[in-house]
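Novice: So you can see what is in the structure, the chains are spelled out below.
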Amino acid sequence: MSSDQTPKDYRESLIHLEYQYTAGSATTTFLNQVKEGRLVGQACPKCKAVYVPPRGSCPRDGIATTIEVPLTDKGCIESFTVVHIPIPGNPIVPPYVCAMVRLDKANISFLHLIQGVEIEDIRIGMRVQAVWKPKEEWTHSLENIKWFAPIDEPDIDVSTLRFKEA
Amino acid sequence: MIQAGVIGVGQTNYDSKRRDVSMAGLVREAIDHAMLAADVDWDAIDAVVLGKAPDMFEGVVMPELYLADAIGAVGKPVLRVHTAGSVGGSTAVIAASHVCAGEFKTVLTVTFEKQSESNATWALSPRYPYSPHINAGAGGYFAPFIREYIRRYEAPEHIGWKVAAKDRQNALKNPLAHLQIPGIDEKMVSETPMLWEPLRYLESCPSSDGACAMVITSEEMVGSRKVAWINGMALRSEGTLSAGRDEVNPQAGIDCAKDIYQQAGIQNPRKEIDCAEIYVPFSWYEPMWLENLGFCELGEGWKLTDEGVTRLDGSLPVNMSGGVLSSNPIGASGMIRFGEAALQVMGLAEDHQVEDANIAMGHAYGGAAQFFAMWIVSSSKN
Chain A
1 MSSDQTPKDY RESLIHLEYQ YTAGSATTTF LNQVKEGRLV GQACPKCKAV
51 YVPPRGSCPR DGIATTIEVP LTDKGCIESF TVVHIPIPGN PIVPPYVCAM
101 VRLDKANISF LHLIQGVEIE DIRIGMRVQA VWKPKEEWTH SLENIKWFAP
151 IDEPDIDVST LRFKEA
Chain B
1 MIQAGVIGVG QTNYDSKRRD VSMAGLVREA IDHAMLAADV DWDAIDAVVL
51 GKAPDMFEGV VMPELYLADA IGAVGKPVLR VHTAGSVGGS TAVIAASHVC
101 AGEFKTVLTV TFEKQSESNA TWALSPRYPY SPHINAGAGG YFAPFIREYI
151 RRYEAPEHIG WKVAAKDRQN ALKNPLAHLQ IPGIDEKMVS ETPMLWEPLR
201 YLESCPSSDG ACAMVITSEE MVGSRKVAWI NGMALRSEGT LSAGRDEVNP
251 QAGIDCAKDI YQQAGIQNPR KEIDCAEIYV PFSWYEPMWL ENLGFCELGE
301 GWKLTDEGVT RLDGSLPVNM SGGVLSSNPI GASGMIRFGE AALQVMGLAE
351 DHQVEDANIA MGHAYGGAAQ FFAMWIVSSS KN
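Chains as they are written, first to last, in my numbering: chain A, 1 to 166; chain B, 1 to 382.
To be clear, the hints were calculated from the coordinates, so they are not data collected in a lab.
Be aware that one or more of the hints could be misleading.
[As the list claims (entries may be wrong)] Below, computed lysine to aspartate or glutamate pairings styled on EDC-like, alpha-carbon distance capped at 16 Å: (1) K271/B to E297/B; (2) K17/B to E12/A; (3) K164/A to D246/B.
My request is simple: use the sequences and hints to build the entire structure.
Specialist: Written out as structure tokens, the structure reads:
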């Protein structure tokens, strides 16, 4: 019963798992655009909410997000955390900032890194823009954006970001 | 609907590495305790409902099949439940639903996690092309929501330390709890390293091995046994990536709580509920859930915590057992909340018993805070 006994026979054996990611049509469309340096969301035909990255359906209405909505690479920090521990399998050195980035005109946020600013100056509502990798490194991945960096524009009141159906 | 009740709760002791038992040994340990407490034998068990978090956490796919012997499911109906971290709660609700519906008289339900057999943070951090690979585990995911809560309601940072210290002080009264930190106080919490701002090391849950089991039966089978009557129970979920979702105060949590209060005839949860076991894996979730569950108005949760209302000797004790902050075998963590609530109203919570606890809440949440499971148990029937 007690766990402070001398450990019995066991050994660690690491396993290596390879998996193939099947993107589905919405994500495929999105990633094909990302490869060209463009961010294109999808809107719900009923409630008009704009999703980026689009996952193909609107969880509010349960229907396909069929309307393509081109977005800029500017937005604001909806919230963030300063992470002081490493990520398994990621060479990034702590401390670093993970933020929920809300692109302009989008109705959901996604997680990305914030850099190009002192950590203590980062705040909720701060305006940011994507910093892209060199074009020749672009692939089918949101990691084409290295991080988001602050831009000199007035902060957003994040309480205004909440989606309300028109 | 048939009235159901809990007649036995069984738990293992929780530890970072239970290397003295296999996964099968671990679940059986909890089951043996539950069946002894319930005073039932295997022929009384009509079906088994098992829950745990993702199979990747141990690397054993569909463990309910491999565990069939250990959980006594051979030749009996068995059901597996999975709703991320809320699974322990969902599993209890689904097990009880089978009794309430009259499908089975008595159901054995068990949940577990043996985190030491793999690496949960690794399992939670796969690489997807639509997202940069920056998922630093559950704490990194929830910390921005907590920051937004603090901003919205101007809560002072010591609230998080207070919850963390309070739950670990309670754990010192629960010999099964994983973290036993003598002398734990706010200052000690505040001096531990920052992990995911604003969360410090001791404001975060541990990684534990452990299992929890319950025997749930119909009114007619209870006899003279001690029982925790299940007077309300519900599950709710919401779209993780839904536009308009408020991660700080999820609608699914609000709706789930309203549902169980209505079933149990509770008008004023703050006054009528004697104590609650709430799923708090990171300190700030105590005030956040107090508001979400309707124990107070929005923005008032941190004040209840600050005033000591949620202490073991307060007017609304929360996480008397030490909570998820003291023991976190993920798949079982929700059921421990439900089982501890049952123990309170049965008067069996020993050193962490709340005096005259007649109505208690068990609560669990999971995933990206989109899954909720709750129940109200009582010493008297609905």
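Novice: So which hints don't hold here, by number, going up?
Specialist: none
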